[in-house]
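Enquirer: Listed below, chain by chain, are the residues.
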Amino acid sequence: MRTHSVVTEIEELTLADPRIVFIGSDLGAGLFERLRKEAPERFFMEGISEQHLVGMAAGMAREGFIPFVMTIATFLTRRCLEQIAVDAALHGLPVRLLGTGSGLAYASLGPTHIAVDDFALLRAVPGMTVLAPAETLEANTLLRQSVEYPGPLYMRLPRGAEEPMPELAASEIGRPVLLREPGQVLIVSTGQLTSVALDARELLVARGITAGVLHAHTVHPLDRATLTASTAGVELVMTVEEHRRAGGLGSAVLEALHDAPLSPVPTVLRHGVGDSFVSGYGTREEQLARHGLTAEALCDAAEGVMRSLVPGERGEPPEPAGSARTQGTAAHSRE
Amino acid sequence: MPTPFAGSAAGAAPLDERSLALRRSIVDALAAAGQGHVGSSLSAVEILRVLYDDILRVNPNDPRWPDRDRFVFSKGHGCLALYAILADKGFFAPALLHSVGTLDSPLGGHPESHAAPGVEFSTGALGHGLSVGTGMALALRMQHRPARVFVLLGDGELDEGSVWEAALSAAHHRLDSLCVLVDRNRVQSYSDTERILGLEPLPDKWRSFGFAVTTVDGHDVAALRAALRQAAATMGRPSAVICHTIKGKGLPFAENSAFWHYRSGIDEQQVSLMRAALATGSRSAEIGSQNK
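Those protein sequence lines, which keep their order, are chains A and B. Under our numbering, the first residue of the first sequence is numbered 1, with each subsequent residue one higher. Under our numbering, the first residue of the second sequence is numbered 1, with each subsequent residue one higher.
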C-alpha cells in the first residue's frame, strides 16, 4: 500500500476544510505550492518567528480556525514552549504543531537541529496530545483525525522514506496498536523506530524468546489501560524511542506501570538517547547505531536481561550503549 | 493630525470623579488580595476607561458576541485596572473585586479568560498578546467580520523579542483593524525603562516597523478618545498609540516609583492612605500629579 506524502495530505485537508489554515515559518522553497496557489488566503509563510507563529495560531484558533503550524521539530517545541503552554494549551485551542526533521533525522546538522527532547517538553504541558506515527500512511491517518480532535496537538512528521505499514493505516489517536502479541518480552515503541522494534522482535523469536510489539503512536496521553493489559505476564518491557531516555515514552511507560495496581512490576529496559547532547554528525542510521537503536543491539540487550532473569543462570546482563534498566518497584535510573 | 505629545506633561490634569472611582475599585481589590501590581494598574486606568466608554463595541450581557471588538490585555499584571472597568461595565458584580486573589475567585493576579467574564484572553507571561491579537485580526478579516482588535502592551513588555516578531507580521499583513496601545509609564519592575533597556525613540521604532503612530497623554480622557478614534480609523496598516502615563497615577506616594510596581503585604494603614488619596475632593482630584 502506497500513499501520498504528508505535504499532499495537509494540502488536501486544508483545501477541503475552510476552517484549516496553514502556517509555516520558512520552509523549503517550493513546498506547499498547490496550497499557496489554490488557497492563498489560508496560507501563511510567516518567517523565522516561532514564538509569534504559535501565538498567532492560537489567536486564529480562538476565532474558530484550525491552524496547522509546521516547522523544524526542535524549533517548534523548544523555542516557543511558553506560547504552546499559555496561548494554545491554557486556552484548550486546537493548534496543530507539525514537526519536521524529528529525532535524529538531522544528525548531520548537529545538536542545534536534533529533536530528541520534544516528547519530554510537551508531555509537561497539560492538555497536549503528542503523536509520533511510524510512517506516512499512519501520519496521514492521524492528520485526518486531528482536524476534529480537541485541544492542542503535536505530531512528529515522518520523513517519508519508510516502508509502508498497512496495519497502521487505521490507527486512532490515543489507542496504541498491538502489532505482535506479547510474550516473555514486550517492546513498546513509537515513531519511526517501530519498524526497528519489529525487526528486533523477529531476532528475539529466532533466538527462542517470545516477544510482542506495542506501537504507541500516541506518546501522550499514554493509554495506560492498554499498556498494563499488554504487560500482564510479561517479564521484560523494553521501550524504544528516538528521544532522550528521560521524559519520553520510556518515562511514560515507567510511570504508568508503577502507578498501576500491579505487582510485581515487570523489569523495564529503556532505549533511547542518553543524558548528553548528541555528539558527532553522520547519518541518522549511524547515530541510531551509536545509541544502540538497531534491531541487533535491541535484541542483544533484551536477550541479556532475559538470561539474567532465568532462575539458576547468574551474571549481570550486558549494558549496551543507549539503554537504561529499571527493575521492580524500586525504580533506579541513570537519569 | 494632532500635535505629537512629548510625554513630559502627562497626567498634569486632575483626575475626575469617574477616574477616582475606578481607582478606588482597584484599592478594593488590593485590600482583598493584600498584594498586587499597584503602579502598573493605576497607570492604565484612563486608557481602559476610554476604551470601554467610547471605543470598544462590546456587550457585557454577551461577552462572546462574535462581532465584538477584541481587547487583548497583554500587560496582564495590570489586571486590577481591567477588573475595575469590567465590573463598572457590568461584566461581573463589583462585589467580586473583594475576592481578588483568593483561592476560588474568578479574578486572579493575572486575568484568565475562562474564569473572568469579559477577559478576552488569558495573559500574564509578557510578549504574547500582540501575536494573539494579530492572529485574531487575521482570522476576523478572513471571516469578513467588522470587529477590530486592540492590544494593550506595557512598555517594559517591549523588552520581549516576540513583540517585535508580531509587529513585523501585523505590518506585513497590513492589519489596519489592529491597534496597539502602549502604556508608556517609563517604569518597570526594577527601575526606569531607559536605565534598564532603553526603548527610545519609541515612536520611531513603531513607525519603522510599519505602524501609524500617535502619542498622547494617557491620563487625558478627551485626548485619548481622539487618539484612539483616529487610530481605529487608520487604513492600510496597523496603528500604535503610545500613551504617556504615570506609574501609580493617583497615589502621590506611589507615583513614578518602581517600588510600587508590585507591592505585597499591603496592610490596612496603606489601604487607608490609598482611600484618602483617592477620595472625592482629594489632592489627586484637585491638583493632579505634581510628582514628576
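Since the hints were made in silico from the structure, they are not lab data. Be a bit skeptical, because a hint or two may be false.
To be verified - So these bits of chain B aren't anywhere near chain A, every CB distance computed over 10 Å:
#, residue
1, D54
2, E112
3, F121
4, A125
5, E165
6, L197
7, Q230
8, S257
What the hints assert, rightly or not - If you want the ones that stay clear, here's a sample from chain A, every Cβ over 10 Å from chain B, calculated:
#, residue
9, H4
10, F44
11, A57
12, M60
13, A61
14, G64
15, P67
16, L90
17, T141
18, E167
19, A225
Unchecked claim - Just some of the chain A residues that point at chain B, by a computed CB distance under 10 Å:
#, residue
20, H52
21, A85
22, G92
23, L179
Virtual Cβ for every residue (Gly too), placed ideally from N, Cα, C.
Enquirer: Now, for every hint given, state plainly whether the structure supports it.
Expert: Evaluation of the provided hints:
1. D54: The assertion about D54/B holds, with a minimum of 25 Å to chain A.
2. E112: 8 Å, violated
3. F121: Contrary to the label, F121/B does not stay out of reach of chain A, its closest Cβ about 7 Å off (not over 10 Å).
4. A125: Answer for A125/B: violated, closest chain A Cβ roughly 5 Å.
5. E165: Violated: least Cβ distance 4 Å, not greater than 10 Å.
6. L197: Answer for L197/B: holds, closest chain A Cβ roughly 18 Å.
7. Q230: 25 Å, holds
8. S257: 29 Å, holds
9. H4: Per Cβ check, H4/A is outside 10 Å of chain B; nearest 27 Å; holds.
10. F44: 8 Å, violated
11. A57: At roughly 6 Å from the nearest Cβ of chain B, A57/A sits no farther out than 10 Å, so the non-interface label is violated.
12. M60: 4 Å, violated
13. A61: 8 Å, violated
14. G64: 7 Å, violated
15. P67: Violated: least Cβ distance 8 Å, not greater than 10 Å.
16. L90: 6 Å, violated
17. T141: 28 Å, holds
18. E167: Consistent with the label, E167/A stays out of reach of chain B, its closest Cβ about 39 Å off (over 10 Å).
19. A225: Holds, because the least Cβ-Cβ distance between A225/A and chain B comes to about 29 Å, which exceeds 10 Å.
20. H52: 4 Å, holds
21. A85: 9 Å, holds
22. G92: 8 Å, holds
23. L179: 40 Å, violated
Going through the hint list in order, the structure does not satisfy hints 2, 3, 4, 5, 10, 11, 12, 13, 14, 15, 16 and 23.
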